[in-house]
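Following the hints, put chain B in place on chain A, whose structure we already have.
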Amino acid sequence: MTDAVTGAAKGLETPAGLASVEAVMSMLAQSGYIATPEIATAVYLAHHLRKPVLIEGPAGVGKTDLARSVALGLDQPLIRMQCYEGLDESKALYEWKYGKQLLYTQILKDKIGHLVEDADSLDEALHKLSGFQDIFFSRDFLEPRPLLKAMEQSTGSVLLIDEIDKSDEEFEALLLEVLSDYQVTVPEIGTIAARVPPLVVLTSNATRELGDALKRRCLHLHIDFPDAELEARIVRTRVPGVSDRLLERLVAFIQAVRGENIRKLPSISETIDWARTLILLHADSLDPVLVRSTLNVILKRQSDIAEVSGKVEALLDGGDKAGR
Amino acid sequence: MERTLTRYIRALRSAGAGVSTTEAMDAARTVEVVGWEDRSVLKTALGTVLAKSVEEKAIHEQLFELYFSREAAAAAASEGQPGEGGDPDSGQPGEGEAGEDPQSGDAEGDEGGDPVEALSALARGENPGKLAMALERAGAAAGVDEIRFATQSGYYVRKMMEQMGVEALEARLMEALSRRNAEGEAEAEGLIGTRSALQKQARAFVEARFEIYGKSAQDAFMNEILAERSFGALGRSDTARMRALVERMAKRLAVRHARRRKVRDRGRLDVRRTLRANAGHDGVPFDIIWKIKRKDRPKIVAVCDVSGSVAQYVRFLLLFLHALKEKVTDLETFAFSAHLADVSRPLEVLPFETAMRAIVDEVGSGGTDYGAAFLELDRDFGEVIDRRTTVLILGDGRSNYSNPRLDVFKQIADQAKRLVWLCPEPAANWGSGDSCLLEYRPFCTLLTQCSTVIDLERALDEILMAYD
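Keeping their order, the protein sequence lines are chains A and B.
Each residue of the first sequence is one higher than the last, beginning at 2 in the numbering used here.
Each residue of the second sequence is one higher than the last, beginning at 8 in the numbering used here.
If you are wondering where the hints come from, they were derived from the structure by calculation, not from laboratory data.
Just so it is clear, CB atoms sit at the ideal spot from N, CA and C, and this is done for glycine as well.
Watch out, some of these pointers could steer you wrong.
Said to hold, decoys possible - Stretches of chain B that chain A covers, calculated by requiring three or more beta carbons in the stretch to come under 8 Å of a beta carbon on chain A:
1. 43–56
2. 60–68
3. 285–292
Said to hold, decoys possible - Here are the simulated DSSO-like cross-link-like pairs (lysine-lysine), alpha carbons at most 30 Å apart as the crow flies:
4. B:332 - A:312
5. B:332 - B:302
6. B:166 - B:207
7. A:167 - B:300
8. B:298 - A:101
9. A:167 - B:64
10. A:167 - B:332
11. B:302 - A:167
12. A:92 - B:298
13. B:300 - A:92
14. A:301 - B:258
15. A:265 - B:64
16. B:64 - A:92
17. B:300 - B:258
18. A:150 - A:101
19. B:298 - A:98
Stated by the list, open to error - Pair by pair, the computed Cβ-Cβ distance ranges are:
20. B:288 - A:229: 52 to 60 Å
21. B:245 - A:303: 36 to 44 Å
22. A:311 - B:29: 50 to 58 Å
If we strip away everything but chain A, and leave its shape as in the complex, we get (with noise of 0.2 Å):
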């Protein structure tokens, strides 16, 4: 046990919130977020081994937020970097300030003049000049994207790769040495090492497999959907004036509709945001009426609305079994 720990400990002190897994259970309730022990397991573990989590699951049960709470437990800079199609090294690493290198380099123009005046030859010229050319790929001239940015932070930061499956292969390949080693490589200037190698949190819906060199550089985390009770624990934390009568009903529905054969099930965010709309509609319990009305907050395809609403009252009743 001691030397994985003071491995860790070589780079920064292990905070309190990290300390064991009910620790960091504690503190992701602290900032809101009702973990399970697997994802205190996750996280716990990320810090010790220093490696990333990689986490997967449909799409609005946490994943991003976990990251979010993360940071703000740990009272750590949150750096995020959403990927798309098309996302490359200048976005995601680095980017030369090319506007500033031209700007200088038209200052310069004038005083080039000046400098190579006094020399003999083309090649002492060449010498004179060769001194000053490092100026332009400095680091001054370079701008730091979420990546070197992440490396930078002397505080530590939670690095979150957001929806990596969105992004190309070959980016999955460019992330490789900063998941594995914590350095990013800058041909002009050399390598950049992590000073506090950051907490990295990637996040993948799944819309496509992601490639095995990144998967066994990463601890895999899978977040599902919850069940009733957890989602009852995560929606009063979220939105603390749902009264306990409302909270179970709502809940045993979402948990029923889950049940059914929709194209896109409703998840915690959708729960939650039901939540408040009932909140704001005045609503303490759950009628066929109400329900059918607010049916657009939790699906999202008109499909599923007309397959839910013909079973609304069933749905109901079900979930009034389930409850009691």
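Using the frame of chain A, we list chain B on its own:
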């Protein structure tokens, strides 16, 4: 304890969850961090490190219980030993060390040197810990972990029995029987009881090991055989396994072709976009933008002969195509024998088996007429075939000597991107009897024999390749 972990990883691998060396090392570090004490923490922790997909997590979930409940029993056995027996040799926490000889080692140690007595004591189950350990040792010596097939269990049970010293017991049994008196018979009966009790224990042990190490290997082997068997020769009992196999192959195929349908056509500059992107740099082209060529989405029109001779093949083609639904979103299915019908709808809304039955009932009767079917396809559904469509025909081309309507077939072929014909018959039979395959052949982009699921996978791979 390290061995426990490496053996667990081996079990995971043989169950089909790919665990790499780095992951194994991570697992060892994980154990260092979380410790062995709390089983549920250990389970979730190992789950995050070793299982990298939902399927692998399920394997881990199942195997962990199976493996560590046994491991715990073995550990308890080795711990309980010294207190009761007082024999330092057998008190070693062996976890089934292979080197020792249980026959002469511990058994004789505390039971007064009589191996048969020792075995009887074991069989009476007075000391379950000791029994568990004897089994563990015999199992390791017999190499039970190597088990791959259920049929091998008899062999391993016998080997374990021999390791435990059953031969001495059998010799005693023969001797007792040969005495031919009441006393001898009573002793023989007792010995037989001992033997069968031990055998039962050994069998349970071997079966548990088979669950951990062998089962998936056997599954893989069965799948391999099934993949190469002709659809026509499949029995009813193979259907479930075949369906699972087809689904897995389809998934693999979908992943293989999941690459972006976007190819950078380097070498052709997109002047307009480059100028615009670099306006901020005073028109100096820092960012070069290349023209991008977008690829077609796969669109497949499957035309299937569902007459008796080919129906079985059609089942699996359709099963495969529908398992590919994620990849091939644009799929139209037609079935014919005497006449042609659009069957996409029933396949989509009904459960597969029901849909298949309905289709065969609807169009499966009457003599097959390829010419008429093509004519109907062109006349009634001509608009579904466009220049990005692959027309996939499955049939033996046996048209009962009717007019093959090559003119219509040529028109379909011209209209489509590609035309692929899959035939269940081997090439030698093409063109024999009433088969018109050789006449259709010049218009096909590809004409190939397709009788096993491997053929099917290859053919669909080839079709999807045209869209990558």
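Hints, one by one, checked against the model:
1. 43–56: holds (count 7)
2. 60–68: holds (count 3)
3. 285–292: holds (count 4)
4. B:332 - A:312: holds (28 Å)
5. B:332 - B:302: Holds, because 18 Å separates the two Cα atoms, which is no more than 30 Å.
6. B:166 - B:207: Holds, at roughly 14 Å.
7. A:167 - B:300: holds (19 Å)
8. B:298 - A:101: Cα-Cα ~28 Å, so holds.
9. A:167 - B:64: holds (23 Å)
10. A:167 - B:332: Status holds; Cα separation ~20 Å.
11. B:302 - A:167: Judged against 30 Å, a Cα distance of about 18 Å means the pair holds.
12. A:92 - B:298: holds (20 Å)
13. B:300 - A:92: holds (23 Å)
14. A:301 - B:258: Since the Cα atoms of residue 301 of chain A and residue 258 of chain B sit roughly 27 Å apart, the hinted pair holds (cutoff 30 Å).
15. A:265 - B:64: Cα-Cα ~24 Å, so holds.
16. B:64 - A:92: The given pair, whose Cα atoms are some 34 Å apart, is violated under the 30 Å limit.
17. B:300 - B:258: holds (27 Å)
18. A:150 - A:101: It holds: about 19 Å lies between the C-alpha atoms, which stays within 30 Å.
19. B:298 - A:98: Within the cut-off at roughly 25 Å; holds.
20. B:288 - A:229: 52 to 60 Å: holds (57 Å)
21. B:245 - A:303: 36 to 44 Å: holds (42 Å)
22. A:311 - B:29: 50 to 58 Å: At 52 Å between Cβs, range holds.
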